[in-house]
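2 protein chains.
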Amino acid sequence: MGFWKSLFNTSGAASASQPTASAGVIAEAKGISENTRIFFSVDRTIDLYELEELCDAVGWSRRPIRKVRKAIQHSFLVITMWEQKGTRKRLVGFSRATSDHAFNATIWDVVVHPDLQGKGLGKALMKQLIKKLRNEDISNVTLFADPEVVEFYKQIGFMPDPEGIKGMFWYPE
Amino acid sequence: MGFWKSLFNTSGAASASQPTASAGVIAEAKGISENTRIFFSVDRTIDLYELEELCDAVGWSRRPIRKVRKAIQHSFLVITMWEQKGTRKRLVGFSRATSDHAFNATIWDVVVHPDLQGKGLGKALMKQLIKKLRNEDISNVTLFADPEVVEFYKQIGFMPDPEGIKGMFWYPE
Numbered sequence: 001m002g003f004w005k006s007l008f009n010t011s012g013a014a015s016a017s018q019p020t021a022s023a024g025v026i027a028e029a030k031g032i033s034e035n036t037r038i039f040f041s042v043d044r045t046i047d048l049y050e051l052e053e054l055c056d057a058v059g060w061s062r063r064p065i066r067k068v069r070k071a072i073q074h075s076f077l078v079i080t081m082w083e084q085k086g087t088r089k090r091l092v093g094f095s096r097a098t099s100d101h102a103f104n105a106t107i108w109d110v111v112v113h114p115d116l117q118g119k120g121l122g123k124a125l126m127k128q129l130i131k132k133l134r135n136e137d138i139s140n141v142t143l144f145a146d147p148e149v150v151e152f153y154k155q156i157g158f159m160p161d162p163e164g165i166k167g168m169f170w171y172p173e
Numbered sequence: 174m175g176f177w178k179s180l181f182n183t184s185g186a187a188s189a190s191q192p193t194a195s196a197g198v199i200a201e202a203k204g205i206s207e208n209t210r211i212f213f214s215v216d217r218t219i220d221l222y223e224l225e226e227l228c229d230a231v232g233w234s235r236r237p238i239r240k241v242r243k244a245i246q247h248s249f250l251v252i253t254m255w256e257q258k259g260t261r262k263r264l265v266g267f268s269r270a271t272s273d274h275a276f277n278a279t280i281w282d283v284v285v286h287p288d289l290q291g292k293g294l295g296k297a298l299m300k301q302l303i304k305k306l307r308n309e310d311i312s313n314v315t316l317f318a319d320p321e322v323v324e325f326y327k328q329i330g331f332m333p334d335p336e337g338i339k340g341m342f343w344y345p346e
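Protein chains in written order, with our numbering: chain F, 1 to 173; chain C, 174 to 346.
To be clear, the hints were calculated from the coordinates, so they are not data collected in a lab. In this text the structure is predicted, and so the values were computed from the model without any measurement. The C-beta atom is built at its ideal place from N, Cα and C for all residues, glycine as well. One or more of the hints may lead you astray.
Listed next, with one range per pair, are the computed distances between beta-carbon atoms [as the list claims (entries may be wrong)]:
#, chain 1, residue 1, chain 2, residue 2, range
1, C, Tyr222, F, Asp56, 46 to 56 Å
2, F, Glu50, C, His247, 49 to 59 Å
3, F, Gly31, C, Arg239, 38 to 48 Å
4, F, Pro162, C, Arg263, 41 to 51 Å
5, C, His247, F, Pro162, 22 to 32 Å
6, F, Asp146, C, Val322, 37 to 47 Å
7, C, Asn308, F, Asp56, 24 to 34 Å
8, F, Ser33, C, Asn308, 23 to 33 Å
9, F, Gly157, C, Lys240, 29 to 39 Å
10, F, Lys154, C, Lys240, 21 to 31 Å
11, C, Asn308, F, Pro147, 25 to 35 Å
12, C, Glu324, F, Ser33, 37 to 47 Å
13, C, Pro345, F, Lys70, 28 to 38 Å
14, C, Glu226, F, Pro172, 32 to 42 Å
Given these sequences and hints, build the entire structure.
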């Protein structure tokens with residue numbers, strides 16, 4: 001993480017299952033101007049149209065807002081990333097994880113706005129997510145990676161097919 | 174499914190998130206004697222020591238009962254399989270799934286007692302699980318399969334690494 005600094009380190013472990021509005025500040029980031037701050041938050045009161053705009057920006061297929069709301073509500077952990085310039089705040093990243101609250105978690109919907117990619121923010125977002133899952137005593141952190149992001153996740157410490165374990169998806173026969 | 178018959182088909186779609194004691198009966202099964210019935214259930218009031226015994230029988234590592242209880246409580250869906258001979262009932266199968274209740278589900282801890290393996294019961298258990306997830310409008314049903322069971326899951330309709338998507342596990346760096 002090097003020069004990343006986050007309030008998550010000092011604000012105590014917020015319960016992932018009962019998230020509060022606790023937020024982390026990244027003090028500095030590669031290529032981000034001085035009057036800009038990047039925040040993390042576990043607050044789930046997200047403007048779902050702003051989230052849709054973020055997902056549009058990376059070319060994801062649209063999903064029904066009603067289902068997105070339900071998915072966020074029933075995720076174990078949601079972490080958003082915000083860019084603040086003066087009083088203006090913009091959603092620039094999102095990630096969430098499902099879990100049994102005991103052994104396993106699976107990470108879904110990791111997204112960083114194209115304007116802010118290549119600055120290490122995706123890695124910082126993932127580190128926050130993993131740290132909070134580990135704080136909750138979840139030992140098995142998993143995800144399903146599209147081919148083009150397998151290398152990104154490897155750099156963070158994810159291993160594809162460890163001991164021959166295969167990620168599988170069910171398709172109607 | 175062929176000759177399998179299950180009350181799940183006729184008892185209506187119980188809410189997976191608020192499971193009731195609804196149970197399915199398998200009327201017949203390969204190599205199971207006439208006075209034996211196999212039941213499915215979504216009731217979560219399971220004797221966790223009986224579950225531990227089942228997991229011991231297939232050689233799984235022991236896990237803290239406290240965490241198993243929490244994992245069952247926070248799973249989206251739990252399906253157990255029971256063998257009934259006269260008034261005697263025995264837990265012979267278990268499976269559960271985590272989910273965001275909207276898009277994705279991940280199946281964990283699928284187990285069938287060695288005494289009853291090779292009779293098609295693992296497949297029947299999985300079919301029940303998938304059917305209930307699909308009834309809840311979950312479109313993405315996933316799992317992580319150990320190498321020796323990849324073929325089993327393929328037969329049920331699971332595909333490894335579809336479109337190059339990789340199952341990944343995080344390990345501490």
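Legend entry - Unsatisfied constraints (hint numbers, rising): Violated: hints 2, 4, 6, 8, 9 and 12.
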